[in-house]
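*Asks:* Since the structure of chain A is provided, determine the placement of chain B on it from the hints.
The lines below spell out each chain.
Number of protein chains: 2
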Amino acid sequence: MKEKKHQEPRGKGTEQAGKEVRKEKESAESQGLTAKKENFAEWYPQVVLKAGLADYSAVKGCMIIKPLGYSLWENIQDYFNPRIRAFGVENVYFPLFIPESFFKKEAEHAAGFKPEVAWVQGDLDADGGQGERLAIRPTSETVMYDSYSKWIRSWRDLPLRCNQWCNVVRWETKATRLFLRTREFLWQEGHCVYSTKEECDAETRRYLEEYQKLCEEILAIPVLAGKKTDSEKFAGAFYTTSIEAIMPDGKVLQMGTSHNLGQDFAKAFGISFLDKQGGKQLPWQNSWGVSTRLIGAIAMVHGDDKGLVLPPKIARNKVVIVPIIFKGKEKEVMKRAQELTGQLSSFGALLDAREEYTAGWKFNEYELRGTPLRIEIGPRDVEAGQVVLVRRDTGQKEIVKDKEIGEKVAQTLEDIQKSLLEKARRFLDSRITKARNFKELEKAIGEGKLAFAEWCGSEKCEKQVKEKTGAKSVNMPFKQQAGKDCAVCGKKAQFQVYFGKSY
Amino acid sequence: MKEKKHQEPRGKGTEQAGKEVRKEKESAESQGLTAKKENFAEWYPQVVLKAGLADYSAVKGCMIIKPLGYSLWENIQDYFNPRIRAFGVENVYFPLFIPESFFKKEAEHAAGFKPEVAWVQGDLDADGGQGERLAIRPTSETVMYDSYSKWIRSWRDLPLRCNQWCNVVRWETKATRLFLRTREFLWQEGHCVYSTKEECDAETRRYLEEYQKLCEEILAIPVLAGKKTDSEKFAGAFYTTSIEAIMPDGKVLQMGTSHNLGQDFAKAFGISFLDKQGGKQLPWQNSWGVSTRLIGAIAMVHGDDKGLVLPPKIARNKVVIVPIIFKGKEKEVMKRAQELTGQLSSFGALLDAREEYTAGWKFNEYELRGTPLRIEIGPRDVEAGQVVLVRRDTGQKEIVKDKEIGEKVAQTLEDIQKSLLEKARRFLDSRITKARNFKELEKAIGEGKLAFAEWCGSEKCEKQVKEKTGAKSVNMPFKQQAGKDCAVCGKKAQFQVYFGKSY
Numbered sequence: 010m011k012e013k014k015h016q017e018p019r020g021k022g023t024e025q026a027g028k029e030v031r032k033e034k035e036s037a038e039s040q041g042l043t044a045k046k047e048n049f050a051e052w053y054p055q056v057v058l059k060a061g062l063a064d065y066s067a068v069k070g071c072m073i074i075k076p077l078g079y080s081l082w083e084n085i086q087d088y089f090n091p092r093i094r095a096f097g098v099e100n101v102y103f104p105l106f107i108p109e110s111f112f113k114k115e116a117e118h119a120a121g122f123k124p125e126v127a128w129v130q131g132d133l134d135a136d137g138g139q140g141e142r143l144a145i146r147p148t149s150e151t152v153m154y155d156s157y158s159k160w161i162r163s164w165r166d167l168p169l170r171c172n173q174w175c176n177v178v179r180w181e182t183k184a185t186r187l188f189l190r191t192r193e194f195l196w197q198e199g200h201c202v203y204s205t206k207e208e209c210d211a212e213t214r215r216y217l218e219e220y221q222k223l224c225e226e227i228l229a230i231p232v233l234a235g236k237k238t239d240s241e242k243f244a245g246a247f248y249t250t251s252i253e254a255i256m257p258d259g260k261v262l263q264m265g266t267s268h269n270l271g272q273d274f275a276k277a278f279g280i281s282f283l284d285k286q287g288g289k290q291l292p293w294q295n296s297w298g299v300s301t302r303l304i305g306a307i308a309m310v311h312g313d314d315k316g317l318v319l320p321p322k323i324a325r326n327k328v329v330i331v332p333i334i335f336k337g338k339e340k341e342v343m344k345r346a347q348e349l350t351g352q353l354s355s356f357g358a359l360l361d362a363r364e365e366y367t368a369g370w371k372f373n374e375y376e377l378r379g380t381p382l383r384i385e386i387g388p389r390d391v392e393a394g395q396v397v398l399v400r401r402d403t404g405q406k407e408i409v410k411d412k413e414i415g416e417k418v419a420q421t422l423e424d425i426q427k428s429l430l431e432k433a434r435r436f437l438d439s440r441i442t443k444a445r446n447f448k449e450l451e452k453a454i455g456e457g458k459l460a461f462a463e464w465c466g467s468e469k470c471e472k473q474v475k476e477k478t479g480a481k482s483v484n485m486p487f488k489q490q491a492g493k494d495c496a497v498c499g500k501k502a503q504f505q506v507y508f509g510k511s512y
Numbered sequence: 010m011k012e013k014k015h016q017e018p019r020g021k022g023t024e025q026a027g028k029e030v031r032k033e034k035e036s037a038e039s040q041g042l043t044a045k046k047e048n049f050a051e052w053y054p055q056v057v058l059k060a061g062l063a064d065y066s067a068v069k070g071c072m073i074i075k076p077l078g079y080s081l082w083e084n085i086q087d088y089f090n091p092r093i094r095a096f097g098v099e100n101v102y103f104p105l106f107i108p109e110s111f112f113k114k115e116a117e118h119a120a121g122f123k124p125e126v127a128w129v130q131g132d133l134d135a136d137g138g139q140g141e142r143l144a145i146r147p148t149s150e151t152v153m154y155d156s157y158s159k160w161i162r163s164w165r166d167l168p169l170r171c172n173q174w175c176n177v178v179r180w181e182t183k184a185t186r187l188f189l190r191t192r193e194f195l196w197q198e199g200h201c202v203y204s205t206k207e208e209c210d211a212e213t214r215r216y217l218e219e220y221q222k223l224c225e226e227i228l229a230i231p232v233l234a235g236k237k238t239d240s241e242k243f244a245g246a247f248y249t250t251s252i253e254a255i256m257p258d259g260k261v262l263q264m265g266t267s268h269n270l271g272q273d274f275a276k277a278f279g280i281s282f283l284d285k286q287g288g289k290q291l292p293w294q295n296s297w298g299v300s301t302r303l304i305g306a307i308a309m310v311h312g313d314d315k316g317l318v319l320p321p322k323i324a325r326n327k328v329v330i331v332p333i334i335f336k337g338k339e340k341e342v343m344k345r346a347q348e349l350t351g352q353l354s355s356f357g358a359l360l361d362a363r364e365e366y367t368a369g370w371k372f373n374e375y376e377l378r379g380t381p382l383r384i385e386i387g388p389r390d391v392e393a394g395q396v397v398l399v400r401r402d403t404g405q406k407e408i409v410k411d412k413e414i415g416e417k418v419a420q421t422l423e424d425i426q427k428s429l430l431e432k433a434r435r436f437l438d439s440r441i442t443k444a445r446n447f448k449e450l451e452k453a454i455g456e457g458k459l460a461f462a463e464w465c466g467s468e469k470c471e472k473q474v475k476e477k478t479g480a481k482s483v484n485m486p487f488k489q490q491a492g493k494d495c496a497v498c499g500k501k502a503q504f505q506v507y508f509g510k511s512y
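Chains as they are written, first to last, in my numbering: chain A, 10 to 512; chain B, 10 to 512.
There could be a bad hint or two in this list.
No copy labels: a pair is met if it fits in one copy or bridges any two.
[Claimed, not checked] Result set (PhoX-like, lysine-lysine): computed pairs, CA atoms no more than 20 Å apart in a straight line:
#1 K501 x K443
#2 K159 x K59
#3 K427 x K344
#4 K69 x K113
#5 K159 x K69
No wet-lab data here; the hints were simulated from the structure. Because the structure is a prediction, the values reported are computed rather than measured.
Excised from the complex, chain A in its bound form (with noise of 0.2 Å):
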């Protein structure tokens, strides 16, 4: 990104990109934070607590997400439905309860849930004994297929594609990481059914790649997108392709996950179709998600000391208005204060003309909450015909003319989009390194980085690797590269696979 010079005509001064850590915590002080290099792990929940993007709930286990949270989770939806209705998805709502006997009809998927899934007694039987028990739904494939089995007869009736946003339930006994890992969490999932192999592969990646954009251009998050190993693999699929991002711990948070499921689904619910000719053929099936954890993205990979930077492409409110009042010049500055609300309507402008709380109250209040841009209009500014621009993600300040400022304002928004994810994409590659064998993969790991290595497609270095690294393996891209030797056991390497900590 150039770097526009800003003139600096008051204030704070902005925040250089090397400042020391010592000013970063000076900065988290004020705003009650932690600061962020210094101790990431206590600085997360701080900043989502304290911009009002969750809250703990009494329920052990599930979160409350609060206005400006649930805006961001309204936002993503509001971008990506248009994107796969274009695609031929229609949504729908399956129901919360499964029975258990659905869920035992395909066996991987039934033993990679069964310890997570909640349980609501059913209906006694006819004859008065206990009835089944039905599952609170995990994932929803076992409860769509068995509707799927009906629905779907012959050729005609293929692709159906259908999602659905609702919320999932699997419970978990590790600590509760707000947005990370809930008990409860809301979620989109896509599952549809094809006729052939070739037409669920090409699907499967394309709601990948839909996925890729909406975290790369929408969240400012740039991604690695690729095939899981088989062990990391979703239960139940042929194979699961993912995108996953790196946190300024170094750890990597699975973002969204594509699965080509096969045709074991179809089997185990019975479903089938009549092709062209009459035949009966077994269809192929994927499923695709990706949750409210974006949102815990979001806060992680661009928050500061100040609090949250929302890159403005996520913000329902990319800019905040903020009347600068003295006594006796009231009218002039909110008649213009609110002028200028209407004028900037298109890019969400919120005037907070509260009386209640001072100017500088409201600075940090909009930096925690982390409003792209903030407009600051006192009685001279009015009588100059000027406003000042201050960006949220780097402080900059600009005194901008009356008559620029919608132009002004769209080029500063597109500036800080842009500025986020490459900011994001350089600490990324940053984190990446090419390890050739187990030294270097060791030695990237325990610098908290993502080893970029070959690897013989084995089970056992997978397992070696998650025993003397903690590392998992992450994801293959894509594109692969003619193979050498296994970082872990020298044999011919077959992939390309990245190993990290994860979430």
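*Replies:* Then chain B, alone, in the frame of chain A:
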């Protein structure tokens, strides 16, 4: 509504208002539907299933909302969200699970919901004993107000206005009725907190008015707005207001409720605030909701023997374009159909170009699905520079010149919207009878009508109506006229109230 005379160049002919049951039966049979007037109770689930609004699930009491049904719910959300956001309401998400202890805090609320709560066993206690049970939310007052007690400190935090779109579970034991009575359903629930009773009263009413607008202006369903009697109010409410619509069988369907909860929940959950003078005060609260039941109402009120009839404002695809293909002329027709689809994209125009179905099959299909307007284009139409427009509500056909299409489509959709509301309003009006005494009340109810009666206000008289006629009090109009004698006991009347049988 002014009936417009349309040209009728081809095909089936207009259905006349006064058509005989025999004709209806034929029409219904062609879609595999029972005639609506002949057996409404049979017709309703048939139309819901065949039109693809919803499906039964293998899970007892639960339903699947299919793409068409879910698109109506999304359109309701898209309409309603900006309306309430303009009032300062913010969307949030609270946990699905509610600790049993929360439920017990407000005694009336607990008693009201107890019979229909589904429970999950929570974690074990620290000493290994049975932990607290968790309710699957039947409504979220208790889990939200526990948080509100932490969020609200001073008058600056008020009003607090949150809303959530979510699933709720009420363990019904009566027979499942798609959209009307299911164990799980989707809804929105708004929960606000105010400093004063006056604000709370005013906003409780305002959200009800929003529901009325939604029903009348968008869903084309006229409603009766009023206050519930004490015996029919929400469990734990100070008072309940509601909007109620009449269904073709004369039964009343509650379409939405807005409750002034008074201060009892605030007391039970310890919600208080410091006023401007620093004094501790109890706030006032309201809650308000509409559910996917509205989708059932749309089907019931507007549907006919050919299937659904969707009001244009709630239909995602307001127009379907069906090319009439003859060999050798495919290209011209398809080209024109595609152009037109683009031209009418703001109406969500859908082009059904599938070759595996005949035009006749498609006509039936979109009639079943209630698409407001059908456009037929054949080779002769392309030559003549025209299309054929067919209204779903009346079946009227009209030839329209190419250059007039945009305007004509907009105008016809408006006509349909208006006409559906007027038709429904005439029906509602025809089903309300003043009942001056018990005999008249019994007669009205016996005829499947709503009895508008004066009432002394005693629960005893309400009970008597219920026992003798099966009708409950529906609600009391906000504008009450000076009363004379109670239609039940003859004593001095205090209120005017509607009595009717209800869902």
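*Asks:* Hint by hint, note whether the structure agrees.
*Replies:* Consistency of the hints with the structure:
With identical chains, the CA atoms of K501 and K443 are at most 20 Å apart within one copy only, with a shortest distance of 17 Å there and 90 Å across copies. In this assembly of identical chains, K159 and K59 lie within 20 Å of each other by CA distance solely across copies; the values are 14 Å between and 49 Å within a copy. In this assembly of identical chains, K427 and K344 lie within 20 Å of each other by CA distance neither inside one copy nor across copies; the values are 33 Å within and 41 Å between. Taking the shortest alpha-carbon separations for K69 and K113, only the inter-copy value of 18 Å comes in at or below 20 Å, while the best intra-copy value is 28 Å.
Taking CA atoms no more than 20 Å apart as the test, K159 paired with K69 passes between copies only; the shortest distance there is 17 Å, against 39 Å inside one copy.
When the structure is compared with the earlier hints, a violation turns up for hint 3 alone.
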